[in-house]
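Chemist: As a plain string of letters, each chain reads:
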Amino acid sequence: MFKKIKDKVIFYGFPVLVIFSVYFFINTFSYLSIYPFCSLKIQGNILLKNEDSIREAIYIIKKDYPKSYSDLCEFVDAIKEQKCTIRDYHLFPKTKDYLSEDGCYVKGSKTIYISPEKSASKEIIQKRAKQIMKLTAFSKNFWTKEK
Amino acid sequence: MTITLKKILLFVFFLILFFWLFGRYFLYIDVEYGCFVKIKPSILEFSSQNIKKGILVLKYADIDNYKELCNRVDTVNPNLSCGGFGGGCYRKTNFGSSEISRQIDVSTPRNGFLGLTAAIIAHEVCHLKQAQENRAFSEKECYELDDKVLQKVVEY
Numbered sequence: 091m092f093k094k095i096k097d098k099v100i101f102y103g104f105p106v107l108v109i110f111s112v113y114f115f116i117n118t119f120s121y122l123s124i125y126p127f128c129s130l131k132i133q134g135n136i137l138l139k140n141e142d143s144i145r146e147a148i149y150i151i152k153k154d155y156p157k158s159y160s161d162l163c164e165f166v167d168a169i170k171e172q173k174c175t176i177r178d179y180h181l182f183p184k185t186k187d188y189l190s191e192d193g194c195y196v197k198g199s200k201t202i203y204i205s206p207e208k209s210a211s212k213e214i215i216q217k218r219a220k221q222i223m224k225l226t227a228f229s230k231n232f233w234t235k236e237k
Numbered sequence: 114m115t116i117t118l119k120k121i122l123l124f125v126f127f128l129i130l131f132f133w134l135f136g137r138y139f140l141y142i143d144v145e146y147g148c149f150v151k152i153k154p155s156i157l158e159f160s161s162q163n164i165k166k167g168i169l170v171l172k173y174a175d176i177d178n179y180k181e182l183c184n185r186v187d188t189v190n191p192n193l194s195c196g197g198f199g200g201g202c203y204r205k206t207n208f209g210s211s212e213i214s215r216q217i218d219v220s221t222p223r224n225g226f227l228g229l230t231a232a233i234i235a236h237e238v239c240h241l242k243q244a245q246e247n248r249a250f251s252e253k254e255c256y257e258l259d260d261k262v263l264q265k266v267v268e269y
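Protein sequences, first through last, are from chains A and B.
Each step along the first sequence adds one to the number in my numbering, with nothing skipped, and position 31 is 121.
Each step along the second sequence adds one to the number in my numbering, with nothing skipped, and position 152 is 265.
No lab work stands behind these hints: they were computed from the structure.
Ideal placement from N, C-alpha and C gives every residue a C-beta, glycine not left out.
Careful, some of the hints might be misleading.
Residues from chain B that face chain A, not an exhaustive set, calculated with beta carbons under 8 angstroms [stated by the list, open to error]: (1) Tyr138; (2) Leu140; (3) Tyr141; (4) Asp177; (5) Asn224; (6) Leu229; (7) Leu263; (8) Val267.
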C-alpha cells in the first residue's frame with residue numbers, strides 16, 4: 091500500500107517538480123505568466139542587479155492597468171535596462187547629450203530600454219511602471235499605425 | 114548493408130536541423146527585397162542575432178538605408194575589427210585582392226543597443242558606397258548619416 095502511494099507520488103510528483111523548476115528558472119531571467127499568457131525577456135544592468143524592480147513594475151501594470159498589460163505582452167518581447175544612444179557621440183564631443191536618461195523604444199523591434207536605477211524603492215518601481223507603459227505605447231503605435 | 118527507414122528519417126532530421134541553424138545564425142535572407150547577406154561566425158561574442166535584429170530595424174524603420182545595405186553588402190563580419198569593441202569598420206580591399214570589398218565589419222555585442230547596431234551598419238554601408246562610387250573616404254558624411262538613422266529609429 092505504502093509502496094503504491096510512493097510510486098504514485100514519484101510518477102506524478104516528478105513532472106510537476108520539473109515544470110515548477112522550469113517555471114521558476116525562466117522567471118529568474120525573464121517574466122513568464124501562464125494566464126493570461128505573457129512572456130518577456132528581462133535583461134537588467136549587470137552591475138546594478140535591479141531586475142526584480144522591473145518585475146515588480148510589471149506586476150503593478152498587470153494589476154492596475156490591464157489594457158497596458160495586454161499591450162505589453164503583445165507588442166514587447168524584451169525589456170532591457172540600458173542607456174539609449176539617441177545621437178552619434180562623435181557629433182557631441184565633451185557632452186552626454188547623445189544619451190537619453192528616460193528610456194527609449196527602437197522602431198522595427200519589440201525591445202524597450204529603460205534607464206538603469208540603483209534603488210528598488212516604491213517610487214522607482216512606480217516610475218519604471220510608467221516608463222514601461224509609455225514605451226509599450228510607442229511599440230504599439232509603430233506596429234499598428236505605421237505599418 | 115541495409116539502410117533502414119529509421120536511419121533515413123534521422124539523416125533528414127539532422128540535415129533540416131543543420132540548414133535551420135545555419136540559416137538562423139549565418140544568413141540574412143529577405144526574398145521581398147532580394148536581400149542576401151552572409152554573417153560570419155563570431156569568435157568573441159555570438160552576436161549574429163543582434164546584427165540580424167539591427168538589419169530588421171533598418172528594414173522596418175529606415176527603408177532607404179536598408180535597400181542600400183541589400184544592394185551593396187554581401188557579408189557582415191561580427192568579429193573584432195578596426196572599429197574596436199562595439200564599433201564598426203570597412204576595409205576597401207581584402208588582403209590579397211584588388212577588388213572592392215563588399216564586406217562590412219560590425220563588432221557589436223550580443224546584447225548591444227539595437228539602435229546603435231542599426232546606425233553602425235548604416236555607417237559602414239556609407240563607407241562601402243564611397244568606395245564603390247570612387248569617392249574620398251569621409252567620416253563626416255557617414256557620422257551625419259548614422260546620426261540621422263539614430264534620430265529616425267529611436268523614440269524616447
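Chemist: Run every hint past the structure and note whether it holds.
Modeler: We went through each hint and held it up to the structure:
This hint is violated: tyrosine 138 of chain B has a C-beta 18 angstroms from the nearest C-beta of chain A, more than the 8 angstroms allowed. Interface restraint check: leucine 140 of chain B against chain A, minimum CB-CB distance 19 angstroms, threshold 8 angstroms, status violated. The beta carbon of tyrosine 141 of chain B comes no nearer than 14 angstroms to any beta carbon in chain A, farther than 8 angstroms, and the hint placing it at the interface is violated. Taking 8 angstroms as the C-beta contact cut-off toward chain A, the hint placing aspartate 177 of chain B at the interface is violated, the least distance being around 14 angstroms.
A hinted interface residue such as asparagine 224 of chain B counts as satisfied when its beta carbon comes closer than 8 angstroms to some beta carbon of chain A; here the least separation is about 6 angstroms, so the hint holds. Hint status for leucine 229 of chain B: holds, given a least beta-carbon distance of 5 angstroms to chain A, under 8 angstroms. Because the smallest distance between the Cβ of leucine 263 of chain B and any Cβ of chain A comes to about 6 angstroms, under 8 angstroms, the interface hint for this residue holds. The beta carbon of valine 267 of chain B is positioned within 8 angstroms of a beta carbon in chain A (closest approach about 5 angstroms), and the interface hint is therefore held.
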